[in-house]
Amino acid sequence: MNPGPSGEQRRLAFSALYEEFQREVWSAAYARWLDPHLAMDITQEAFLRLWRQWESGESIDNPRAWLLRVARNLGEDYRKSAFFRAGTQAPHSMNGIATRSPLPLDLLAQDELFTEVRSVLRELSESDRYLLTLKYAWDFETWKIAELLGISESAVYMRLSRARKRLADHLAALKQNEES
Amino acid sequence: MQPSRDVEPEDHAENALRAFFRSERPKHFPPASWLSAPARSERRSGERSPLSRSRVLLLGCVAVVMGLWLLLGPLARSSRSGAGLWKDTFEARQQKPHEKDRPAPPR
Numbered sequence: 000m001n002p003g004p005s006g007e008q009r010r011l012a013f014s015a016l017y018e019e020f021q022r023e024v025w026s027a028a029y030a031r032w033l034d035p036h037l038a039m040d041i042t043q044e045a046f047l048r049l050w051r052q053w054e055s056g057e058s059i060d061n062p063r064a065w066l067l068r069v070a071r072n073l074g075e076d077y078r079k080s081a082f083f084r085a086g087t088q089a090p091h092s093m094n095g096i097a098t099r100s101p102l103p104l105d106l107l108a109q110d111e112l113f114t115e116v117r118s119v120l121r122e123l124s125e126s127d128r129y130l131l132t133l134k135y136a137w138d139f140e141t142w143k144i145a146e147l148l149g150i151s152e153s154a155v156y157m158r159l160s161r162a163r164k165r166l167a168d169h170l171a172a173l174k175q176n177e178e179s
Numbered sequence: 000m001q002p003s004r005d006v007e008p009e010d011h012a013e014n015a016l017r018a019f020f021r022s023e024r025p026k027h028f029p030p031a032s033w034l035s036a037p038a039r040s041e042r043r044s045g046e047r048s049p050l051s052r053s054r055v056l057l058l059g060c061v062a063v064v065m066g067l068w069l070l071l072g073p074l075a076r077s078s079r080s081g082a083g084l085w086k087d088t089f090e091a092r093q094q095k096p097h098e099k100d101r102p103a104p105p106r
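If you read the protein sequences in the order shown, they are chains A and B. Just so you know, we're using numbering that gives the first Met the number 0 here: the first sequence kicks off at 0 and counts up by one. Just so you know, we're using numbering that gives the first Met the number 0 here: the second sequence kicks off at 0 and counts up by one.
If we strip away everything but chain B, and leave its shape as in the complex, we get (with noise of 0.2 Å):
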């Protein structure tokens, strides 16, 4: 079992070292890696699997797209209507008092 030219020669040994101790271990037990994987709070601090790193760039995308949809949006009204932003807030404010200000209805 002599190696090939290209093969490194401390791959060549890993390779002899792996070949050896599969040879030897006992063959009813499982390697480690046939069991579940380890549980979150089993996971080395800062290491994520790859399910999370995908759920956080969800959210990111998520977080982006409703923080250019709040800024964009009043922005491209106002465009719309020739008036500025701040005067149709103004405007909105004035015409929408608050639930509390507003006088009971008649009985």
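So that you can see chain A by itself, here it is in the shape it has in the complex (with noise of 0.2 Å):
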């Protein structure tokens, strides 16, 4: 996509793509490290880098496919860097740790839920946690998430309908565990 001479042209062309892509950018990027803060990191910069290379005058063909690109380059940048391999930990992981003011107790069963939620999640594929964060966190119409993962609707709904139950089953016997 050539943006054009104009630069008021080409910061509309880019408003209109960070409008219609920004949750998909966001939602690979999170689907890929379950850390939303980093996912936004990998986004923004992900667009920084295109609106670059439109300054320097690269025409892209297909914005959504090079942001997608850029943006898995980016998690794998980040997977080789020192700051991931030294171990630091995400801040929900820190969230864990306890404090000397008491939290309310609908936060901690909040997070206790969420904590399920996020395990569950780490042992689905990274397509199904993107297929996910897609549905419910942007809602997405499924016959959009069909076509943006180049899928049959009825598999979105199949995928979709076997995370829940994964999830359900693990909720059930975490509630077993505390009732016996």
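Because the hints were derived from the structure by calculation, they are not lab data. Hints may contain errors.
[As the list claims (entries may be wrong)] Heads up, simulated DSSO-like pairs for lysine-lysine below, C-alpha to C-alpha not over 30 Å straight-line:
{"no.": "1", "chain 1": "A", "residue 1": "Lys79", "chain 2": "B", "residue 2": "Lys26"}
{"no.": "2", "chain 1": "B", "residue 1": "Lys26", "chain 2": "A", "residue 2": "Lys164"}
{"no.": "3", "chain 1": "A", "residue 1": "Lys174", "chain 2": "A", "residue 2": "Lys164"}
Hey, can you piece these two chains together into the complex? The hints should help.
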């Protein structure tokens, strides 16, 4: 896609692209790392690189594919980085550390539930996590998810149902353990 | 956050997934459902909006009314005059020749 020589035209085209693909790029990065802050950093970096690419006069035929590819590469760079290898924990892991100030009971219960959801998500494939992110974080319609992933709608339904079943089993087992 | 007894386990799982992802997503990105509805060309084939469905219904009703009027109108007229439908039509044609068949008016 060539945004044209005009700066204003380029800005408008960039805004439209950002509006259209920000959720997809974030979802792809999030599905890879299950870290919303890192996914946001990767999303912003991917769009920044697109902008720089345009500024340098390069044209990009398929911005969506380009952004998703850059986001994936950025994720891989992060995996190889010293920051990742040093074993630094993501903020959600640090939330589990006990503090002196007591948390409200509801927040504790929610944290517990979300920890279970996160552990089930880790067991799923990256593509299933991507599908779930598109569905539950952004409310994409099933036909749109099928279009984005290049699969049939029935496959989307099947994979959603399988993920829900897995989580339901996990939560039921957790409840049984608590009761026994 | 335990599920109530009347909630199915999969519904509870779905609610948990929704709540989890909503807490994770960037708050300044609007969800996809807030965007404008897909254009007609973007809709799947066979999917119709409620508006187009109502239009089809309205056109269907108009077509049925017109059909009944065309069918029953001449029948009602013929029953009033006591003559048959075909006789009416034949006489009408006899009395109203085509414009091209009429002689030119004298100058």
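Given pair status - A/Lys164, B/Lys26, alpha carbons within 30 Å: holds (28 Å)
Does the structure keep A/Lys174 and A/Lys164 at a Cα separation of 30 Å or less? holds (15 Å)
Would you mind confirming whether the straight-line C-alpha gap from A/Lys79 to B/Lys26 stays at or under 30 Å? holds (29 Å)
The structure agrees with every numbered hint stated previously.
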